[in-house]
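Asker: Here is what each chain is made of, one letter per residue.
2 protein chains.
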Amino acid sequence: MKIALAQLNFHIGNFESNTQKIIEAAHQAASNGAELTVFAELAVSGYPPRDFLEFDDFIHRCELEVDRIAEACSDIPIILGTPVRNSSPKGKPLYNAAVFIHHRKKQYFRKALLPNYDVFDEYRYFESASSFECLEFNGRTIAVTVCEDLWNLGENPLYVRQPMEELIKQKPDLMINIAASPFDYKRALERESVLRSNVTKYKLPLVYVNHVGAQTELLFDGGSLVMNRDGELVERLPFFEEKLQIVTVDDTVKAKKEFLIPEKIALIHDALVMGIRNYFEKLGFQKAILGLSGGIDSAVTMALAAEALGAENVFALLMPSQFSSDHSVSDALQLAEKLGSPNETIPIAALFDAYEKQLAAVFKGRAFDVTEENIQARTRGVLLMALSNKFGYILLNTSNKSESAVGYGTLYGDMNGGISVLGDLYKTEVFELARYINSNKEIIPLNSIVKPPSAELRPDQKDSDSLPDYEILDKILYAYIEERQGPEAIIAAGFDEKTVARVLRMVNQNEHKRHQTPPILRVSSKAFGMGRRMPIVAKYLI
Amino acid sequence: MKIALAQLNFHIGNFESNTQKIIEAAHQAASNGAELTVFAELAVSGYPPRDFLEFDDFIHRCELEVDRIAEACSDIPIILGTPVRNSSPKGKPLYNAAVFIHHRKKQYFRKALLPNYDVFDEYRYFESASSFECLEFNGRTIAVTVCEDLWNLGENPLYVRQPMEELIKQKPDLMINIAASPFDYKRALERESVLRSNVTKYKLPLVYVNHVGAQTELLFDGGSLVMNRDGELVERLPFFEEKLQIVTVDDTVKAKKEFLIPEKIALIHDALVMGIRNYFEKLGFQKAILGLSGGIDSAVTMALAAEALGAENVFALLMPSQFSSDHSVSDALQLAEKLGSPNETIPIAALFDAYEKQLAAVFKGRAFDVTEENIQARTRGVLLMALSNKFGYILLNTSNKSESAVGYGTLYGDMNGGISVLGDLYKTEVFELARYINSNKEIIPLNSIVKPPSAELRPDQKDSDSLPDYEILDKILYAYIEERQGPEAIIAAGFDEKTVARVLRMVNQNEHKRHQTPPILRVSSKAFGMGRRMPIVAKYLI
Chain R
1 MKIALAQLNF
11 HIGNFESNTQ
21 KIIEAAHQAA
31 SNGAELTVFA
41 ELAVSGYPPR
51 DFLEFDDFIH
61 RCELEVDRIA
71 EACSDIPIIL
81 GTPVRNSSPK
91 GKPLYNAAVF
101 IHHRKKQYFR
111 KALLPNYDVF
121 DEYRYFESAS
131 SFECLEFNGR
141 TIAVTVCEDL
151 WNLGENPLYV
161 RQPMEELIKQ
171 KPDLMINIAA
181 SPFDYKRALE
191 RESVLRSNVT
201 KYKLPLVYVN
211 HVGAQTELLF
221 DGGSLVMNRD
231 GELVERLPFF
241 EEKLQIVTVD
251 DTVKAKKEFL
261 IPEKIALIHD
271 ALVMGIRNYF
281 EKLGFQKAIL
291 GLSGGIDSAV
301 TMALAAEALG
311 AENVFALLMP
321 SQFSSDHSVS
331 DALQLAEKLG
341 SPNETIPIAA
351 LFDAYEKQLA
361 AVFKGRAFDV
371 TEENIQARTR
381 GVLLMALSNK
391 FGYILLNTSN
401 KSESAVGYGT
411 LYGDMNGGIS
421 VLGDLYKTEV
431 FELARYINSN
441 KEIIPLNSIV
451 KPPSAELRPD
461 QKDSDSLPDY
471 EILDKILYAY
481 IEERQGPEAI
491 IAAGFDEKTV
501 ARVLRMVNQN
511 EHKRHQTPPI
521 LRVSSKAFGM
531 GRRMPIVAKY
541 LI
Chain C
1 MKIALAQLNF
11 HIGNFESNTQ
21 KIIEAAHQAA
31 SNGAELTVFA
41 ELAVSGYPPR
51 DFLEFDDFIH
61 RCELEVDRIA
71 EACSDIPIIL
81 GTPVRNSSPK
91 GKPLYNAAVF
101 IHHRKKQYFR
111 KALLPNYDVF
121 DEYRYFESAS
131 SFECLEFNGR
141 TIAVTVCEDL
151 WNLGENPLYV
161 RQPMEELIKQ
171 KPDLMINIAA
181 SPFDYKRALE
191 RESVLRSNVT
201 KYKLPLVYVN
211 HVGAQTELLF
221 DGGSLVMNRD
231 GELVERLPFF
241 EEKLQIVTVD
251 DTVKAKKEFL
261 IPEKIALIHD
271 ALVMGIRNYF
281 EKLGFQKAIL
291 GLSGGIDSAV
301 TMALAAEALG
311 AENVFALLMP
321 SQFSSDHSVS
331 DALQLAEKLG
341 SPNETIPIAA
351 LFDAYEKQLA
361 AVFKGRAFDV
371 TEENIQARTR
381 GVLLMALSNK
391 FGYILLNTSN
401 KSESAVGYGT
411 LYGDMNGGIS
421 VLGDLYKTEV
431 FELARYINSN
441 KEIIPLNSIV
451 KPPSAELRPD
461 QKDSDSLPDY
471 EILDKILYAY
481 IEERQGPEAI
491 IAAGFDEKTV
501 ARVLRMVNQN
511 EHKRHQTPPI
521 LRVSSKAFGM
531 GRRMPIVAKY
541 LI
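Note that the protein sequences, when read in sequence, are chains R and C.
Residue 254 in this note's numbering sits at position 254 of the first sequence, with consecutive numbering throughout.
Residue 63 in this note's numbering sits at position 63 of the second sequence, with consecutive numbering throughout.
Careful, some of the hints might be misleading.
Any copy, or any two copies together, can satisfy a pair, since identical chains are not distinguished.
To be verified - Capping the alpha-carbon separation at 20 Å, the derived lysine to any residue pairs in SDA-like fashion look like this:
hint	residue 1	residue 2
1	Lys390	Tyr408
2	Lys287	Val362
3	Lys287	Arg366
4	Lys264	Phe495
5	Lys357	Leu387
6	Lys256	Phe58
7	Lys513	Met530
8	Lys462	Met530
9	Lys256	Gln245
10	Lys475	Lys498
11	Lys364	Leu387
Simulated from the structure, these hints should not be mistaken for laboratory data.
Use the sequences and the hints to build the structure in full.
Answerer: Dropping the structure here:
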């Protein structure tokens, strides 16, 4: 049986474009001999539509688009994801469903297991399916499921129910799963392992179609695949690229080749480049601006943005102060010039002095403190936003996860931006990424990588004056944020008690800052933002 | 039977303080003759603990506190809310439970209906209970439920199941419901109606205990109550105040008096004052700062803050520009002086000129536009944050819901703040509130109320230059935001087609701004923030 896997990049609520992509892909697949074309979960609306799902008008538009697709593909059998209304008076008003469409007829396969953790909120919108049936098509019995319905395995399953246990009773020949499974740097491996567990448990081949592309902070890596009933990969579509691929799925198909998953930093690199590019494309913007300090964070952000948007579309603004070192300016200029990006230098000393003067009476007798550091950062924020407003650039935020975690940044200053590029990378990972970017040729000035990190907001300042070494800090943060360990467990792992208490307190005390930061391109299993929801006025570990 | 209703203000994760409150209230109630003392849902941790519930250490601390309470109240029967672990290997790791504690023994009553809409995320953490039993105590059979378990009534229930239908089979004499039901200005009435529906359906008296106090943006109004089996109110505890009240609950008790619910604006006023006060108290701050412009939004914010914190603790900063009218300065000064609040004036013209000068080369040949308006707003933001940083003030945000909805505000400028006081009030509601504040004596200068709203960021600017009249705008916004109507329905209600399209487009285009704003004290059924989750890079209605 020839099945086309349509791994496409949809745009939430852009019905015109999503439908056109679906219709074109279906026709192309059919004309190349596909018997069935499979699209991802909630393909019609884009994923995740979030609270748009609460608007009857939005659901109605999804229904109209499904009808348009059914009309345009009347003799082309397809499976795609869409919300569908719950016809019972009881329960939530919608199901998250796969729909099989052929000759304008629709058959729905409703999702039972609704992910509601981390970035997922599906139980907010959807009722859980309670009955299951297979698709009968071209002499085959196909178990059609939606994403999470295959993820409830192991000794400690998150859900009490198990849809495949119901479906297997109908003796299917094949599993098809349509998904919206976002990227993190461990996810491709984990996903393959979960899918293989299903294949080996139920002894069925599997066709799996995932989204690709960025939806604000959520990055979908694709990696759609076909496994034979031995759990061997027959085909895997590329990561971070759209692809329409026809695969013959039957019992005789053997694994043709080895499918390696790129290493962590290569995946992160590609994910971030896609994230930047899609953010701009889908908003209809071409040009970015960022503050280039000569430090590693802005240098890496700049290099990624240049790759995503073209160097000519990335405007670098240098804003040295009296506390900036000479090498900061020269390192920053060197990078902008090497990339060939437009750049300007606007010193902030005169502006800082103007603030000092206006505040002199009110601040009389008070020493220089974090206030004056923040004034510098905020002055830079005003300048960057001024250019952003005047020229239609989007400001890229350059904060990293370590500083965001402990609040080592200025709200309304360097924490500004439309999108945060590195906000889900610990400082030590930013260094790794810099070296990866430089692996073929030196793009990021070596000096930006090797010099000790500094905010340069007071004389001779170093990050290490106020923070533990990043090698230590990042491990404590990972244990607390990604692994959700408590202080006792982290201390038991060998970290200094006072340091642990201090770091965890800093993390919890700075929820209010993170509440007001831009969306962060998500590359880990636990990014700040929609996937990590903390009270602000709380007292735990503070 | 004498039951004490303990309507208390807890602090999330502040175990020391929460436990102490619980123990003290239980002892006080017992010494005044209560046979049973009832506390609210998740009283031990505070509500909502959000992702702290994913930390094993946090759950362990809850368990330790329950043990401490059981020890300290060994001969005092109590019911309180706490998370409890799911001992089955299947399903989510926790239940949201009421626990009856007596003689150090614990009996749990698990919640089945898990609210997962608007501001609620309970299915993110909790498994849904599947079996139900009543509490046998002092010769009574009591149906103990947690909040939402009583809310699944009507012809279109949100959940398929109905816990009271199971519990009623055990022939209870009484219902006790512990809740965490946050305020909105229609909620008290709705809550009473839902509770009465249960009472009349099951013909049982009801004891209902709710939280009181603010948890960042979520405002709990209390209003705990006792109804007899005829659905008459026997007792209702005050709104927005802590209260420990013993009530005799038996078949003979009759309604003693009428319990009126205050009007909308009075409720909103009290909710906001509590919200400001608790935000500061729970963070351990005393003093606020705000920018006082002479306009109505900052005037109302100032009056509320003065009531919540004491006028002497609210610092007003006037920051006139070349575009400020004379009356702006005089109206602002008049308010600060009438309240007796500290205030300073720092003109921004010199700072604005300094930016113009630094940007002159880059902006050469470009006209004055929204960029220069934003520079003024951001300069004010820098000054306010400078005083906030230097003196330990928290900045109060003064944006209203209308301008926040359509993006009529400057990110990193007037959208700054630790907490937004008026962000859930449409402009027309801000006017109502101003008149309510002035109802006994003129606090807010009449001129701030009657003059046409203006941002004063360019010569002779009026809000009505760029926005529809607030009378129209606010109705369209309410239909779209609170009622989630689509454009067709709103136009059908009689609004101009182009205006509707423009307003809805502005709302959707400005999600990115609202993503970076402070938490907003929630007074409506649909506030911006945690209860309204929208994609940023989307194309619906844009």
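Asker: Hint by hint, note whether the structure agrees.
Answerer: Right, here's what the structure says about each hint:
1. Lys390 to Tyr408: Cα proximity of Lys390 and Tyr408: across copies only (17 Å, versus 29 Å in one copy).
2. Lys287 to Val362: Answer is between; shortest inter-copy Cα gap is 16 Å, intra-copy 40 Å.
3. Lys287 to Arg366: between (42 Å within a copy, 18 Å between copies)
4. Lys264 to Phe495: Answer is neither: 26 Å inside a copy and 54 Å across each miss the 20 Å cutoff.
5. Lys357 to Leu387: Answer is between: at 14 Å across copies they meet the 20 Å cutoff, but 25 Å inside does not.
6. Lys256 to Phe58: neither (43 Å within a copy, 49 Å between copies)
7. Lys513 to Met530: both (14 Å within a copy, 15 Å between copies)
8. Lys462 to Met530: Answer is neither; intra-copy 31 Å and inter-copy 36 Å both fail.
9. Lys256 to Gln245: within (15 Å within a copy, 75 Å between copies)
10. Lys475 to Lys498: within (15 Å within a copy, 55 Å between copies)
11. Lys364 to Leu387: Close across copies (12 Å), not inside one copy (33 Å); limit 20 Å.
In this structure, the hints that do not hold are numbers 4, 6 and 8, in rising order.
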